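**Student:** From just these sequences and the hints, can you work out the full model?
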Amino acid sequence: MDTLPPPASGESAAPPTPAQLRELYALMVAVRHLDTSAIAWQRQGLIPGYAPELGQEAAQVGSGYAVDTTRDFVFPTYREMGVARTMGVDMVAYMSTHKATWHGGLYDPLESRLAPIQAVVAGSVLHAVGWAHGQTLDAKDGVALTYFGDGASSQGDVHEAMNFAAVMKAPVVFFVQNNGWAISVPTERQVAGGSVAARAAGYGMPALQIDGDDVVAVLEATRRAFEHARSGNGPVLIEAMTYRRGPHSTADDPGRYRSLQEERDGAGIDPLERFRQRLLADGTADEAVFATALAAAKAEAEQIRTGLTALGSRPGTEMFDLVFQETTPALQAQAASWREESEHV
Amino acid sequence: MDTLPPPASGESAAPPTPAQLRELYALMVAVRHLDTSAIAWQRQGLIPGYAPELGQEAAQVGSGYAVDTTRDFVFPTYREMGVARTMGVDMVAYMSTHKATWHGGLYDPLESRLAPIQAVVAGSVLHAVGWAHGQTLDAKDGVALTYFGDGASSQGDVHEAMNFAAVMKAPVVFFVQNNGWAISVPTERQVAGGSVAARAAGYGMPALQIDGDDVVAVLEATRRAFEHARSGNGPVLIEAMTYRRGPHSTADDPGRYRSLQEERDGAGIDPLERFRQRLLADGTADEAVFATALAAAKAEAEQIRTGLTALGSRPGTEMFDLVFQETTPALQAQAASWREESEHV
Amino acid sequence: MSNSILEGESAGFRQAQSPAQAQSPASTTAVMSMQQALNLALDEVLAENPRTLVFGEDCGRLGGVFRITDGLQAKHGEQRVFDTPLAESGILGMSVGLAMAGFHPIPEVQFDGFAYPAINQIVCQIARMNYRSRGTLPMPITLRVPSFGGIRAPEHHGESLEALFAHVPGLKVVSPSNPHEAYHLLKYAATRPDPVIFLEPKSRYWQKGEVDAARHDADGGSPTGAKVMRAGRHVTLVAWGAMVARCLQVAGLAAEDGIDVEVLDLRWLKPIDAEALAASVRKTRRAVVVHEAPLTSGLGAEVAQLITQACFDTLKAPVERVTGFDVPYPSGDLEDEYIPNIDRILFGIQRVLEYKRG
Amino acid sequence: MSNSILEGESAGFRQAQSPAQAQSPASTTAVMSMQQALNLALDEVLAENPRTLVFGEDCGRLGGVFRITDGLQAKHGEQRVFDTPLAESGILGMSVGLAMAGFHPIPEVQFDGFAYPAINQIVCQIARMNYRSRGTLPMPITLRVPSFGGIRAPEHHGESLEALFAHVPGLKVVSPSNPHEAYHLLKYAATRPDPVIFLEPKSRYWQKGEVDAARHDADGGSPTGAKVMRAGRHVTLVAWGAMVARCLQVAGLAAEDGIDVEVLDLRWLKPIDAEALAASVRKTRRAVVVHEAPLTSGLGAEVAQLITQACFDTLKAPVERVTGFDVPYPSGDLEDEYIPNIDRILFGIQRVLEYKRG
Ligand SMILES: Cc1ncc(C[n+]2csc(CCOP(=O)(O)OP(=O)(O)O)c2C)c(N)n1
Ligand SMILES: Cc1ncc(C[n+]2csc(CCOP(=O)(O)OP(=O)(O)O)c2C)c(N)n1
Ligand SMILES: [Mg+2]
Ligand SMILES: [Mg+2]
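As given, the protein sequences belong to chains A, B, C and D, one line each in that order. For the first sequence, the positions run 9 to 353 when the numbering used here is used. For the second sequence, the positions run 9 to 353 when the numbering used here is used. For the third sequence, the positions run 98 to 455 when the numbering used here is used. For the fourth sequence, the positions run 98 to 455 when the numbering used here is used.
Rather than coming from a laboratory, the hints here were simulated on the basis of the structure. Some clues are possibly wrong.
As the list claims (entries may be wrong) - Okay, the calculated bits of chain C under chain A, using three or more residues with CB under 8 Å as the criterion:
{"#": "1", "region": "128-141"}
{"#": "2", "region": "156-165"}
{"#": "3", "region": "365-371"}
Unchecked claim - Calculated cross-link-like contacts (lysine-lysine; reagent style BS3-like; alpha-carbon spacing at most 25 Å):
{"#": "4", "chain 1": "C", "residue 1": "Lys413", "chain 2": "D", "residue 2": "Lys172"}
{"#": "5", "chain 1": "C", "residue 1": "Lys413", "chain 2": "C", "residue 2": "Lys380"}
{"#": "6", "chain 1": "D", "residue 1": "Lys413", "chain 2": "C", "residue 2": "Lys413"}
Because the structure is a prediction, the values reported are computed rather than measured. Where is the CB? At the ideal position from N, CA and C, for every residue including glycine.
**Tutor:** Following this line, the structure appears as structure tokens:
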């Protein structure tokens, strides 16, 4: 499905350069490696839990690559590690959320242009609309990019967000990663009609349903959507069709709700392998490029591991200090008695 | 718009008989007369407030007429007086809600097949889905008919309801009265894309956008929708285009947000007058029929007035007695102290 | 909407105000209704801070169903004062994004009972974004909610949500009791960097009172503290919102029987001014807390417990609570049976005065 | 999900239970976890009442993220145990309609923090439909909510909503503290004609204990009352959910210092068994209430005030509250600083024991 009018300027139509393609590949490898490392770290006890994005690298790297961090703003869920990495967010600070060091992550959302990690399904979709409307009010040209899943599409907030955005012509790109599952519930029991993209027409909003496992297709679609929204034409919805190849989280056991055969059939070809074949086929990259990317990914994951290991717990005073900008006497009193009773000072 | 497949049995395709047309007219006159009477009653202080449905008689009578009260169930808002009247609900008991005698109305919802009056915008749309799914579970053939407005269509619950209904193939007819306004907000600033009916496709659900001021068109559309849902084909959405000719409620002042000229242009021809002309033109009725209907309507309104006047306040004990099926000691203690302090017994 | 059942109570309030006003020679006071005072406060806030935005259902062209935003769109433009679609979660969720973009949103929820659809955004997002973001994304959102009962409105139009909001970490909650408080507390709230739930007692919208725009507390009290509205020696009545006027009326009646009642307007329901509670009750040694919300788990329990903790030795009787009952807010006339009335408050006073240790 | 920080506490509970069990010769008890006890209760309820339905996110094939509904779909069919789309308001709103159609819905909200999107349907619909319809449309809905903290989960997975629910007229609220209570209270709740919010202490899901399926209270107590889990003379600890086990552990430690602590499991958080509170504190003359929820406007205030009202004359010290702080539930390790720990409860006991009238 593609109901997005062709770009006016054509700026977004230029295909990625070979260098960019190699960069996309390197990013996907870095994300894949960090993702699989994180699962190992969870098993080793370094982090208490993790929500893998195995198989969604193309959707995340391709869309994140279209973001202009000098003006756009991105609203992730709990599974957008690949987007964060692509945007250049400090990955120790990002992964700290999986270490349970701080719920929202330790990175600076304003500087990195990435909102805090969001654990409420569909929780931040409306925030993107508000932020985007702020761009209109300020006569700026930033675009809000908000991620959510097929499961999240069932939440009332998503409807309210799409309607608000379309009524206000807010520059928002709604990016749905339809990975086939919401924990144990498959898309066909979740999304009536079978497609989130099909909802857009009801709001008079253009939509693209794309192959989410083709990183170049994702990048091009996201660029087109950004150009449309940035030019004052209102919101766009992208539904990237992909597959959650791993468990929902390290606490999940997919064997209870899908067979290995179903998993294989649903997943199709690995997006990373697919991109690799393509780059090889058209001569954009060779084994040396791939080897360099993998080595870099390994080194990077090692660095992140070291950083995460070094991360201590947060001091208990932060519980009290970060509630308000202007603290209250009651809270200060509680902090004092906490200090007395728990720190025994 | 009409995406509803043609009826399989054709049962619903039979046009109303002349006698039915005259009955529809009599109902519309009764509703119109009661509606205008209620406004007068509010001015006279008999009732503290009222939400008129002036101009929505065709939409309400036409749809209510399709209900089979031996098996269907209807979920109204606060503005479906015409539906209640058409379904044969005790109108003193119904209007008691506008007398503020009891929030949900004094009629028996189970017996009358009309859920209690609902003041939360979009509040009962999901109830209809649950009730309808209950029909599926019980292998019964009742259909749930739920009313809501263009304004209500913005609520997240409406989205959740449509998605649930379509996923579960629940026998629900979503009946939107798009009367152009949600208090002071016109449809174009409320409903992105301009049509609630257009939303249905996104759920894989058929929809009809109809002339809500044509009582026969409304009846026929509702009958078709009922037949579709009753036959196990899942939900249907009807958007009846109409116009709220009066104020939002007796507390509202439409002069603040729309000019008389805009009102006249938006309202078009009065649906009652339009139906009258049609009946005259095709000879289904004559002035005598109209006069009889009016006289009956007047007598009925008078009776309702008498009944409303006679309605006392509810006894204070009901506050406590109706909270639970199984009361609690705490509540009984509160009732006792209320009796002591307020009734001085 | 019919008339307020609280109509008769304005006199009590005006009496209580006038001494303070009379003291200050330089005061530039004006008499206005709470509706006018709130409107004035919003007008000034919009004029003073270009980042403020006022929005909600029917807030623009109509000026709100209670006319609190009357004329503001015409004066400050459609970009800064606007109507939204009919979706409370949308309104509050959008406010979060606007705050992240550096605005100071002042959204309205049309009636108390319609805050429930927005609770998820209020509790899980607005109240926590500063914390979640480690202080980098403050939420200077002032949510106005026409609140409490007393106007013979339909279901869901007479609710008291203060206990819910006060329990949520990350929120501040305030309720004005008269036009002067409304003007100053709204101006104060709307200039703070933290989220404030502003509960407007709708039954008091049309009561007039003196507003001294030049200063909030003549006695130099803190804008975040409670306020003694009438000093007394025998018992402290603690109230907020519309119940303050009622308590002042009760105090007037009790005075005829020689009972000297102190009336404390709590003003801030989170954080609660525990010191003011303690100071008052240390003096009077007896307290009754009055609210419209249901008894169980209402804010009266918190107030009573704060008093008991601070004044255990001096208290002559357990703190009494005179509140709404544990029943859904009732319709029509029954509202008079539900909202604490003069008799019930007098009975409460009697109980603490006559309490004898067993 | 990592292990519960409450791991060490099961011993305390089992000690407390065993005497009662030993007394009854005919008892047919089995040792099982709370997860198993809840699963068994649901299985039996589904078997006994064909109108009951179990549903929610991932409740069907997966058996729930905590496996509470494990195996129920296979056994009772896809019509009676099913997955819904991911929308909490939808789940609860649908429950209303099912109840109107004569079913007894037992929906699940996956985690405490995700009850907020459904609050509108819970407060404005489920809690009021019986009242609104004058008793013609009862709402026999048992809403299961895996609740409270202690399992090192992400944000929104460690919340305590009891004060919110207890304040809502028309709801009943209960929380089991061990497998035996879980089994009986769930069976009781799911056969009632009124809505019950059933708060399951998720940190206790995997702790085992004896379940006597034949009878709930060996001493003939009422299933709607509170329960003395350990008798004592010096001070009453009032708790519910996961805090009961912790209080029993504290009582064991205090006993080593010669302090005889009574532990009262409140069980029902609405309506509260005020008589049991009074009976216990009339004896011990001192009380500490313990909960995970934030302090302000928490249910501890209500409990404290009920005790103070009933026992004003006998109380030797103001009731103490040992609770979570007024901060958003913290992440990771900080959870141990937030949830009342043994030390903080012991300090609370010390304060009431050492209180001297000033
Ligand atoms: C409001 C809310 N309800 C329930 C949950 C529990 N939960 C966490 S993730 C999830 C599934 C989400 O599915 P989807 O939106 O498709 O995203 P995915 O996990 O596939 O990336 C659920 C039910 C939640 N986090 N928030
Ligand atoms: C959840 C909720 N929010 C706000 C209101 C206040 N309110 C009552 S009616 C109304 C407008 C409804 O418009 P629409 O759905 O088009 O129905 P109409 O009044 O036109 O029949 C509003 C905002 C409400 N009753 N419920
Ligand atoms: Mg998914
Ligand atoms: Mg309308």
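**Student:** Now tell me if each hint is right for this structure.
**Tutor:** So, going through the hints one by one against the coordinates:
1. 128-141: violated (count 0)
2. 156-165: violated (count 0)
3. 365-371: This one holds; 3 residues, not fewer than the three required, reach chain A with a Cβ under 8 Å.
4. Lys413/C to Lys172/D: With Cα atoms ~62 Å apart, Lys413/C and Lys172/D exceed 25 Å; violated.
5. Lys413/C to Lys380/C: 11 Å, holds
6. Lys413/D to Lys413/C: 14 Å, holds
Comparing the model with each earlier hint shows violations of hints 1, 2 and 4; every other hint is respected.
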